[in-house]
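Chains as they are written, first to last, in the numbering used here: chain A, 1 to 339; chain B, 1 to 290; chain C, 1 to 343; chain D, 1 to 318.
Please note: incorrect hints may appear among the correct ones.
Unchecked claim - Stretches of chain A that chain C covers, calculated by requiring three or more beta carbons in the stretch to come under 8 Å of a beta carbon on chain C:
1. 199 to 210
2. 224 to 230
3. 261 to 270
Unchecked claim - In silico negatives: residues of chain C with every beta carbon more than 10 Å from chain B:
4. Val27
5. Ser52
6. Asn75
7. Ala134
8. Lys138
9. Gln208
10. Ser251
11. Arg276
12. Ser300
13. Glu318
What the hints assert, rightly or not - Mimicking BS3-like on lysine-lysine, the simulated pairs with C-alpha atoms at most 27 Å apart in a straight line are:
14. A:Lys267 / C:Lys205
15. A:Lys22 / D:Lys127
16. D:Lys3 / A:Lys69
17. D:Lys214 / A:Lys15
18. A:Lys250 / A:Lys267
19. D:Lys218 / A:Lys93
20. A:Lys64 / D:Lys164
21. D:Lys214 / A:Lys64
22. A:Lys79 / D:Lys218
23. B:Lys25 / D:Lys127
24. A:Lys87 / A:Lys64
25. D:Lys229 / A:Lys93
26. D:Lys229 / A:Lys79
27. D:Lys127 / D:Lys218
28. A:Lys64 / D:Lys127
29. A:Lys39 / A:Lys87
The set of hints was computed from the structure by calculation and includes no laboratory data. Computed from a prediction, not measured in an experiment: that's the story for all the values here. Note that the Cβ used here is the ideal one computed from N, Cα and C, for glycine as well.
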Amino acid sequence: MSENKDILLSIRNLKTHFHVRKRVIRAVDGVSLDVRAGKTLGLVGESGCGKSITAHTILRLLPKTARIKDGEIIFHSRKRQPVDLLKLQPSGKEMRGIRGNDISMIFQDPMSSLNPVYRIGDQIVESILEHENTTRAEAMERALEMLKRLSIPSAEKRIREYPHQFSGGMKQRVMIAMGLICNPELLIADEPTTALDVTIQAQILELMQELQRQLGFTIILITHNMGIVADVADDVAVMYMGKIMEFGSKEDVFLRPSHPYTRALLKSVPVLGNSGRDLLEPIRGSTPDPSDLPEGCSFAPRCDFAKPECGQAIPYVDVGNGHLVRCVLAEGREVRDGQ
Amino acid sequence: MEAKAQKIVKSSRMRNVASKLVSNKAALLGLAIIVIIILLCALAPLMTPYNPTKPDFSAQVQPPGGAHPFGTDKLGRDILARVLYGGRVSILIGLSGAVGGMLLGVIIGSLCGYFRGWLDAVFVKVAELVSIFPQILLVLVLVTILQQSMYNLIMIFIATGWVATFRMVRGRFFSLREESFVEACRVFGLGDLSIAFRHILPNCLGPVIVQLTLNTAGFILQEAALSFIGLGVPSGTPTWGNIMNAAKEIVSINQYPWVWLAPGLAIALFVLGVNFFGDGLRDALDPKQI
Amino acid sequence: MGNEILLELKNIRKYFPVEEGMFRRTVGTVKAVDDVSLFVRRGETLGLVGESGCGKTTLGKIIVRLHKPTQGQLNYRLDDGGFKDLLSLDKQESFHAHRRIQMVFQDPYSSLNPVKTILSAFDEPMRVHGMASAKERKQRTADLLEAVNLRSEYMYRYPHEFSGGQLQRISIARALCIKPDLVVCDEPVSALDVSIQAQVLNLMKELQRRMNLTYVFIAHDLSVVEYMSNRIAVMYLGKIVELAGSGDLYSRYRHPYTRALLSAVPIPEIGAKKSRVVLEGDVPSPINPPEGCRFHTRCSFSQARCAQEEPPLRPYAEHEDHWVACHFAETLHQADDWVIQQP
Amino acid sequence: MLKYFVKRLIMMIPMIVFISFLVFVALDLTPGDPLTAQFSPESISGLTHEQLDALREEAGLNDSLVVRYLRWFGGVLKGDFGYSIQTGTPIGSIIANLLPATIYLALAALVLSVLMGLLFGILSAIKHNTIIDYLSSLFGVIGISMPEFFIGILAILIFAIQLKWFPAQGRTEIGATFWVNLKYILLPALSLGLALTAALTRYTRNSMLDVMNKNYVKTARAKGLSEWKVFYRHVFRNALMPISVLICLRLPMLIGGSVVIEQVFGYAGIGSRLLTAINSNDYQLVLSIIFLLSIVSLLSSVLIDLITGLLDPRVRYN
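Chain A on its own, in the form it takes in the complex (with noise of 0.2 Å):
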């Protein structure tokens, strides 16, 4: 994990827990990850396995039953000076300077994530006016400006239409103006297209990257779905039961799969095209309580090369030029979390 001057966020040694009646959920549980500017990084694992929460703990976005336990989020801004997220106030106002204007997110249920009560023209309109002084009226053009960038046929009428008048797929073009339009430096996009149909999709993924290419943002996509991260992602991150299992470019991590458990993934999914010849072949066992994690790696119970070792402390081994594994049987040099 180099300090080059390209990374825009990076994440060292994150744990955010959560208190639930007395028991403790290690949600996100030693995070490490560098994010490179104008890039896209595809945070991809199963569900529970804490990449929502990662992304929601870079924004301070969390309900009051989680606690950050140790850490750090540097956000290496091109406006600012680098700064630690996580020694900000949640809602002080540097922290909501930087929320929506420098960094911005959008979420997966486009349904409900827009107010119903208020136009669409306003809804985007109060970003605009919360991070930057500037006319009510020149707010609106600029919104306007942006949902047509977004292909939204007769923007002038829509803008002031409701919500309940937007299909699934016009409404999360609606969250990606919302959170493009103060031009952020970072977009996190917590699995945007998994409430839309395959071509609707397609569609918002197109969009998504012909922006990055006009406007540079950086973007973290979470998803559950290989195939988008393949199509999408440049750096791919894969993550189990809150941490980082795999993490490197996206070459490394289809074509030389080196986690068992990223291998056992790709090869549990069913890919178009081979038409059921070949057999599925399902991880067994399901995954493991999150409040009473096994020590070592949370994988070994479901892993077919578990070995006795790999119930201490697992080391996070660089196996070739930033190609990460956190498992046993990496051969490489081995990276401190913190470093």
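Following the hints, put chains B, C and D in place on chain A, whose structure we already have.
Below, chains B, C and D alone, put in the same frame as chain A:
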């Protein structure tokens, strides 16, 4: 195969609902109040020697203390006796009205919720009409036609009390009707009535019981108000409401407050208990709260 | 896989009235399923794929008679070999026909009655369909739970004590308790986690082999449908636009919508050069679908004829099992940008 | 928007007609001679039986129920409710000067309870799971458990008699200014409104908490808005709609309750007049008052319903 051998126990929903209730102190307090007051009223003859209705002109308007722990009213009748005997009637009216209303509401609600069509449209309009009419006015209309009696009062409560349960059961049927387990029953060829009453209805019992407690509380208050203005239970049989009838004059409010304070507090305490218990029940039965 | 036809749908239509206003006046009709005909052979898996609103779930529910179709026949081969329209049976026959066709639902958490034990969920259907002795029913429940890799003691538990994957396996076992020949599976794995999906899909394949079951497999995820199905029907706005063997559909697709669907599915592999076909705008409203071919408003190959004349679903060239509903199916695939996937 | 208002008003007409028919049927079932209800005592006193019968025939009292209903309803629409059997004065005038007092009381109770209910509800939602939340839910439970008249009597004992802040009885006094009238109405309005205040507190809290978990609130926070702006613009506005539905549901109870409260406070409104009418079997007056009170309750619930339409564009636009 499943990982560890889980302890195979015939666990039941009722057990985990009960365990959640026990952990809710307010619900337990509520239950205690209800049980104590009902016991006191039921065992009234043992608690006080006095007759609640026989006037005793030698002991008019005595303040609490001595022979009369709660004092006596203008006709020398012992207030404690009247509160205890009166409690029986008030609780009986409140409970029977609520139970009657619940049964009616469940039956109509289930049929309308499951079969819809014109039956549903008719009862929705009827329910709307009944809820537009302030309940007291409906009672006054019926009181002017029929004469006052405890029996008529219960009938009136049932005639107006079914609406809340009806709306709730009908709503639950509308949503449950689309659930897959109901569709599965139809695919197995089970009959409509057995689906409605043996599969869907049991899922509504939780909120129905909660509504029962709320209705009981509501009717006790309603009976007290009606009896207080002299249109509920005729003053011959004492109830918490008509005991307080004496409190209409200012002089009795000020000079001998004990006459109306005891029954008033009895109503408030009992209804408070019912509400605490009802709230605890709602949280315990709410599937969302693990 | 025998080629004996088990079920034949003939010109099935299902229109839902759209009501508005105080007096629930009907102001339009949603043509959810519009003149669909197809057959299912015994032992095969017929895939039904399409995006939301295409009518695949409605068609599935018509097969199990949860919905009564506005028009059309549901011909089923009964034990004596003869075909009967399930929609015109008398009360008794109609009840017994429920044994033949069963359904597995999408949401595992709502397909079992939360206030009843697993045993009673199995027991009632068996009892109603003539399995007299309670002991025998309990034994069959135990066997079925073991058949789906679950401990038979779980029959005494309540649904809220199981995970999504376990519940879905229980629902599959329950659907088999009265020995159906045809099971309609409506998005059986979409609500499950990726690793659990593979377990359930393989279980369904194994049960099909062991009990000679026939599946109608409904899903929006083309990769899952292709993995499970022998033949796949692609639906759009209430109609079947293409029907072919799963291998054929992938490599020799002939309908522009199938092509767009295939190109939109993200592949978890690198290096597969794939030209992206991105459709414009949203799916039109099913209340008044476009005239002629319903896809012509979004089809990049559409010509004048497409807007006037609705293309019938007809066999494509000489392939016996390949049907397509497009006037220009024979010529379109010659275009150079037609192929989207280098194998 | 207008279409929605007009539609709601039209929907009300069948309801009014139905209520009036119900009331008339009840009137018909009551004993007592309808004649005395249609003619002032002077005009019919001293007439012989035959003349009374002729009068009855001429007034069409022997016609079928429906015809008499239509004539009665026609009169009602013109403000002619007939005569009070007991006092002989035209019912129209009795209602004219007593109904406004009751409406004034119910309105005051509504305003007070809505303000207090929303305030406590919002406070306990914002300060969720703190002492404030606990106290206000306790206040909520106690408020809905106390009978209204008991609260009234306690209020009189403490605030009127002991502390002498407010008059114990009565509605107004000669030459009373607005402020003096306010002093008269405060205690009755508070007692009448307490149950609604308690219910509103609980309901507002739950409705606010429910909205706070919605995705669009998370979106609002993700825009960088301050907690206060998120509450004010996004949470409160959406929480208001279910609350106005509750007010609409509880309004009939408010009007019903005023009958009891007027008795306790000796507040001369249509409610207490209704009770005296019942005790003296003045049926025509009783049922006319009941008819009017239910119309008021219907009108106010439709009004609240329209406000809901105003707030929620989905209602306006579909």
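| Reported absence of Arg276 (chain C) from the contact zone with chain B (all CB gaps over 10 Å) | holds (36 Å)
| task | Decide if the proposed pair is consistent with the structure: Lys214 (chain D) and Lys15 (chain A), CA atoms, cutoff 27 Å inclusive. | result | Within the cut-off at roughly 26 Å; holds.
| Within the stretch 261 to 270 of chain A, is the number of residues with a Cβ closer than 8 Å to a Cβ of chain C three or more? | Satisfied; 6 residues make the cut.
| Are all beta-carbon distances from Ala134 (chain C) to chain B longer than 10 Å? | holds (17 Å)
| field | Pairwise hint evaluation, Lys93 (chain A) against Lys218 (chain D), where the allowed Cα distance is 27 Å at most | value | holds (18 Å)
| task | Measure nothing beyond the straight line between the CA atoms of Lys64 (chain A) and Lys164 (chain D); if it is 27 Å or shorter, mark the hint as holding. | result | Since the Cα atoms of Lys64 (chain A) and Lys164 (chain D) sit roughly 48 Å apart, the hinted pair is violated (cutoff 27 Å).
| request: Evaluate the condition: distance from the CB of Asn75 (chain C) to the nearest CB of chain B exceeds 10 Å. | output: Check passes; 19 Å lies beyond 10 Å.
| query | Checking C-beta pairs, does the stretch 224 to 230 of chain A have three or more residues closer than 8 Å to chain C? | reply | holds (count 7)
| field | 8 Å C-beta test of the stretch 199 to 210 of chain A against chain C, three or more residues | value | As far as the stretch 199 to 210 of chain A goes, the hint holds, because 7 residues have Cβ atoms under 8 Å from chain C.
| query | Keeping to a limit of 27 Å between CA atoms, is the pair of Lys267 (chain A) and Lys205 (chain C) held or broken? | reply | holds (17 Å)
| request: Beyond 10 Å from every chain B Cβ: check whether that's true for Val27 (chain C). | output: Val27 (chain C) clear of chain B: closest Cβ-Cβ about 18 Å, beyond 10 Å.
| Given the proposed pairing of Lys22 (chain A) with Lys127 (chain D), does the C-alpha separation stay at or below 27 Å? | Given pair Lys22 (chain A), Lys127 (chain D) holds - Cα atoms ~22 Å apart, limit 27 Å.
Consistency with the previously given hints fails for numbers 16, 20, ordered from lowest to highest.
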